[in-house]
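Mind assembling these two chains? They're in different frames, but the hints should get you there.
If you read the sequences in order, they're chains A and B.
In terms of my numbering, the first sequence opens at residue 40 and continues consecutively.
In terms of my numbering, the second sequence opens at residue 119 and continues consecutively.
Any given hint might turn out to be false.
[Said to hold, decoys possible] A few chain B residues that don't get close to chain A, going by computed Cβ distances all over 12 Å:
{"#": "1", "residue": "Ala153"}
{"#": "2", "residue": "Gln196"}
{"#": "3", "residue": "Leu217"}
{"#": "4", "residue": "Arg234"}
{"#": "5", "residue": "Gly423"}
{"#": "6", "residue": "Gln450"}
{"#": "7", "residue": "Gln463"}
[What the hints assert, rightly or not] Quick list of in silico lysine to any residue cross-link-like pairs, SDA-like style, CA-CA up to 25 Å:
{"#": "8", "chain 1": "B", "residue 1": "Lys142", "chain 2": "B", "residue 2": "Gln196"}
{"#": "9", "chain 1": "A", "residue 1": "Lys225", "chain 2": "B", "residue 2": "Glu288"}
{"#": "10", "chain 1": "A", "residue 1": "Lys282", "chain 2": "A", "residue 2": "Val115"}
{"#": "11", "chain 1": "B", "residue 1": "Lys310", "chain 2": "B", "residue 2": "Leu344"}
{"#": "12", "chain 1": "B", "residue 1": "Lys242", "chain 2": "A", "residue 2": "Ala243"}
{"#": "13", "chain 1": "B", "residue 1": "Lys306", "chain 2": "B", "residue 2": "His321"}
{"#": "14", "chain 1": "A", "residue 1": "Lys225", "chain 2": "B", "residue 2": "Tyr200"}
{"#": "15", "chain 1": "A", "residue 1": "Lys225", "chain 2": "B", "residue 2": "Gln196"}
{"#": "16", "chain 1": "A", "residue 1": "Lys225", "chain 2": "B", "residue 2": "Leu263"}
{"#": "17", "chain 1": "B", "residue 1": "Lys142", "chain 2": "B", "residue 2": "Ala490"}
{"#": "18", "chain 1": "B", "residue 1": "Lys296", "chain 2": "B", "residue 2": "Leu254"}
{"#": "19", "chain 1": "B", "residue 1": "Lys231", "chain 2": "A", "residue 2": "Ser229"}
{"#": "20", "chain 1": "A", "residue 1": "Lys225", "chain 2": "B", "residue 2": "Ala292"}
{"#": "21", "chain 1": "A", "residue 1": "Lys225", "chain 2": "B", "residue 2": "Gln262"}
{"#": "22", "chain 1": "B", "residue 1": "Lys231", "chain 2": "B", "residue 2": "Arg258"}
{"#": "23", "chain 1": "B", "residue 1": "Lys231", "chain 2": "A", "residue 2": "Ser242"}
{"#": "24", "chain 1": "A", "residue 1": "Lys225", "chain 2": "B", "residue 2": "Asn210"}
{"#": "25", "chain 1": "A", "residue 1": "Lys225", "chain 2": "B", "residue 2": "Glu178"}
{"#": "26", "chain 1": "B", "residue 1": "Lys306", "chain 2": "B", "residue 2": "Gly266"}
{"#": "27", "chain 1": "A", "residue 1": "Lys225", "chain 2": "B", "residue 2": "Pro215"}
{"#": "28", "chain 1": "A", "residue 1": "Lys225", "chain 2": "B", "residue 2": "Lys142"}
{"#": "29", "chain 1": "A", "residue 1": "Lys225", "chain 2": "B", "residue 2": "Ser264"}
{"#": "30", "chain 1": "B", "residue 1": "Lys306", "chain 2": "B", "residue 2": "Ala490"}
{"#": "31", "chain 1": "B", "residue 1": "Lys231", "chain 2": "B", "residue 2": "Ala197"}
{"#": "32", "chain 1": "A", "residue 1": "Lys225", "chain 2": "B", "residue 2": "Lys310"}
{"#": "33", "chain 1": "B", "residue 1": "Lys296", "chain 2": "B", "residue 2": "Gly439"}
{"#": "34", "chain 1": "B", "residue 1": "Lys296", "chain 2": "B", "residue 2": "Leu250"}
{"#": "35", "chain 1": "A", "residue 1": "Lys225", "chain 2": "A", "residue 2": "Pro193"}
{"#": "36", "chain 1": "B", "residue 1": "Lys231", "chain 2": "A", "residue 2": "Pro241"}
[What the hints assert, rightly or not] If you anchor each label on the Cβ, the simulated ranges turn out as follows:
{"#": "37", "chain 1": "B", "residue 1": "Ala292", "chain 2": "A", "residue 2": "Ser43", "range": "43 to 53 Å"}
{"#": "38", "chain 1": "B", "residue 1": "Ile132", "chain 2": "A", "residue 2": "Leu179", "range": "53 to 63 Å"}
{"#": "39", "chain 1": "A", "residue 1": "Leu154", "chain 2": "B", "residue 2": "Arg198", "range": "24 to 34 Å"}
{"#": "40", "chain 1": "B", "residue 1": "Ile132", "chain 2": "A", "residue 2": "Arg146", "range": "30 to 40 Å"}
These are calculated hints, taken from the structure and not from any lab test.
Where is the CB? At the ideal position from N, CA and C, for every residue including glycine.
In case you want the letters, here they are:
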Amino acid sequence: MSASWHRRVFRWFSHPGIQAWTLLGPGMFWLIVFFLVPILIMLAYSFMPRGIYGGVDPGFTLEHYARFFDPLYLDVLQRTFLWSVACTVVCLLLGYPVAYLIARPGRWRHLLLLLVVLPFWTSFLVRTFAMIFLLRDTGLINDWLLRLGLTREPLTILYTPAAVMVGLVYGFLPFMILPVYASLEKLDSSLLEAAEVLGARPSARFWRVTLPLSMPGVIAGSLLVFIPALGSFLTPDLLGGGKQMMIGNLVQNQFSAARNWPFGSAASFIVMVLVLVAVLIYLRIRHREPAGALL
Amino acid sequence: MSTATPSPPVVQFIRVTKSFGEIKALNDISFEIYAGEFFSLLGPSGCGKTTTLRLLAGLEQPDEGSGEIRLLGRTVNQARPYERPLSMVFQNYALFPHLSVARNVAFGLEQRKTSRAEIDQRVKRALEMVRLDPDLFGRRMPGQLSGGQRQRVALARALVLEPAILLLDEPLGAIDLKLRKDMQLELKALNKQLGTTFIYVTHDQEEALTMSDRIGVMENARLAQLGTPAEVYENPRTAFVATFIGESNFFQGHATKDSRGEWTARGPGLSFRVPDNPQLENGSEVRVAVRPEWMDLCRPDEVPGAENAVIGTIGDIIYLGETIHVVVSVPQVGKVKVAVRNEGQLLKPLAWKRGEPVAVVWLPEECQVLEAG
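Looking at chain B on its own, in the form it has when it is part of the complex (with noise of 0.2 Å):
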């Protein structure tokens, strides 16, 4: 977070390469990750997230003189997973099915030789905290549990043990939308309660964004940009990360200066003002995407002076409940979603028709201005 965190980082990753034969699974990657942080991985199924956290687990190694991963400030790459201080949650669970869920719960405590009674009441708490009845729950069989449940026992499983940090891969994958939603919650809450470091592997962007202190965004064996949500949402820095984090309209041109230093890019049938930024030259080819609910839609006689616009015909209307998206037909740029307020169809019903003629329009500090490549 933007907060100085004076404590050393938890987890480092210091450019850190795995393959797997030819392919790369991860590419040189670097972050850090701070205690008490609910951290995201965030991408596509095949971008390397599964693979970071595995490295992060011991279970699978970094290559052979790869860079450095170090968890509370020691040097791990060859540490086996038992010497780590860290527990996990499987996507799939991976409950022991020939132990009852008080056992499962039990297994690490039992490992680290805690004695009995101890055992007993940390696995008690520990159920209790994931709101499990200790003891309608603690003598049934991971096969007699319903999906949400063995989700719990998973959590507990890991939590009982206390662990500096938790990861968690994809727990909530197969679990229906409302527990979904509830369990996203109650996750958060314990992060926060517990002081414990969550590494959470997510392709759900909506999950990422509503859980984490920060997300890293992966793609294609790298991490395409860290940030808060709120970064990561209103200034990705590639359009991977514009699509794959909310949707995205794209422009682009050759960016000039005028006398006043203000930046003008001009592409093929449309030209837009582009806020100061570094990477801009004169000259040079500049792409920028617009989130579809910054822009709005007006007559194209009527495009206020400080605005961008481009002239386009209304296409597709889409009613999705709280937004409603218009797809405009621009000629030589494509098609540009906006997403309009419904402020109720019934009293305020929308001014446009399909075919009919309209500007879209935004202001040039909406303009995300993003990287080559």
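Chain A with its partners taken away, still in its complex shape (with noise of 0.2 Å):
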């Protein structure tokens, strides 16, 4: 009897559209539980007035949108981009480099790779501090410029935009890394000697090969660090020491000290959507091209 009960549950998850709900259910139940509901909690919020204790009186108003087009927070809104769009292109360029050096066949492909992934093993909070360490006027690096004799007064890096750039670029570098070395490690390397048989060099061969062939996880690798980065809070807070403000710190500000948690979600989702409008331009331009460059 038991065993037709079995058989019974077994052909009912062999079904495919049950199989298909079974694999799904638990990731689907997760998302909508602790992200769709906050969300739509979020987008509800934005649009009711701002209780006297925090929190939400019920009602509608417009005034916290309204309010985010304020030359105040504008400021901070291209702040923020210039800042995630610098970020981004400092890791590509200096990422692209490390991910094509570990992606060449070699001994040591395993070591530098546990290398770019070693920094995660211990949490941003205290790497972000450690970076206070390096950073500032009688941390390591003003140590060594002044017996080095190279500057005669300590630099001022910490509290500088410098010094959030820094913390981003260090914090983001292995998010580029490692797509762009995934592609990298794809790549043909029969394409890249039929290139140098027909007469390419090896500049030509890189812009016109390796590059083309690896755009698939620069463009990864570009959303990985410039989303993020976007939302960034802590670094500016702890390197930047909270003088410029990006969107993140603004919206941290907002839920907690300001206790105006309709602005901070009318402000979230003015980032969130226009994050969403920059990434569809960005995949609808690379569209355009030769179906190869997606893939």
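Encoded structure:
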């Protein structure tokens, strides 16, 4: 009897539709409860009047969205975009050569890959504090500069935009290196040989073959750096000294110190929509190129 | 070829050795290839034929201080691939997946700073040469092509550069039989029509025999034999060549010279006459190969006096269409394979049956004396 019960359950599970839902179910449940629902709550809050002691009062208003278009906040938005773009570009320029080196066949590949992911073994917060010790006036970098006689006075690095940029690039570099490495590692070496036999010098070979074929990795890496960079708040807070806000700081501030949840929600939503639009435009541009580039 | 070529060789390999770590992929190889030749490198996998091609292309360098590679008379040991007067068709075609067919073919010309108008014209011509309609295929991506079409694009991409030397690395390996036969003839025709020197790597002996002016048979990092297809087939120097190209029966014995100056070899269970050969010495071991299709069968009591013969019993009879292979078991010698022409089993059925006694006969001149070792 138990055997037939097993068989019935088994038959039920082997139905393609049921199977799909069984596989999707747990993940879907998680995303709905912990991602979709909070986002919908935030969306609702962003249209509601602010409560006197935090939270929201019942009602409908567009004032939070209107308020965001104050030059003060637009400035924050602009800075956030510029810094995120700069961070992405710097990560690409620094990360591509590293990925290229790792992807070359050799004994060191696994060690180098390990080094790339090694920072993840420590919490981001701890690593950011470590950066403070490096960058501050009496920190390691200034110590070396003074000893080598390159400067007479300690350079002020900490609590400047440069420090924020150093921190952002440091934090997100592995997210650029890994996808670029993955696409370079897949590159068929006979294509490079073919290019050379057909007359391509090393530089032409890189620009005409290697780079175009590693574009999927470059795109993935850029998105993986750009999007979290837009939302960063820890780095500008700790390394920038909170002097120049990014959107992340603004949102965090509204939810904590300012106790203005609706405005924080509205700011979040505006950034979310902007990111979505930027990514869609980006993908659309890539899509127009020959199909191979997306694979 | 046997016709004396006055022009200097296009390719010269002079005592070239190439090692990968401890393993010698090429061991002291020397050969020359002349302008316009269709030259094949033939051998089993791992024999060094692809390494030879890669050395020619500049994708590998010969060992430090070992020999010399010359292309068009110029030493190129250290020259990069893009500095060499050649082009190559890769085994997997190596088409650029992100470029259209036309851009793939244009790739080499673009590196040579050719004008746009000339590129367009030459790309069109090259595609037509390999029988691909430029208007139909030019814009397609490599991923949208069949294996045969990709092979043609790879060929067009190499030929459009009008190289002095074209290297082909088993380009027909991945194509089905019918198309392969067609492409063999087309390649041969292109070689003659363009005057380009073709150097062709293959492990398919039939392909090499069909297409080549000369064949270099490779074995274990060495060149086992170099010659025209007929020379290599009809006078193999070693047992390896005799078995790798076609099939052979082997006989061995000790050679003795009689009073008339004729050589006879005697071994366990057999005795056969051998044509005069500088390698032969009184009492020395001699090994010969005889092609199955050069042998004949007759009744043991009807052996012609002038022929060599071994007596045995008929074993398997294998029907192959054009020929029928008869395997004869000869005591102390082993199995001897004889290929009999099929003259129609309905009208002229084979006169032999399994288990019957039979003599295998062949002329002394049909013995190919092999080098020792």
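| task | List, from low to high, the hint numbers that the structure doesn't satisfy. | result | 3, 15, 28, 30, 32, 35
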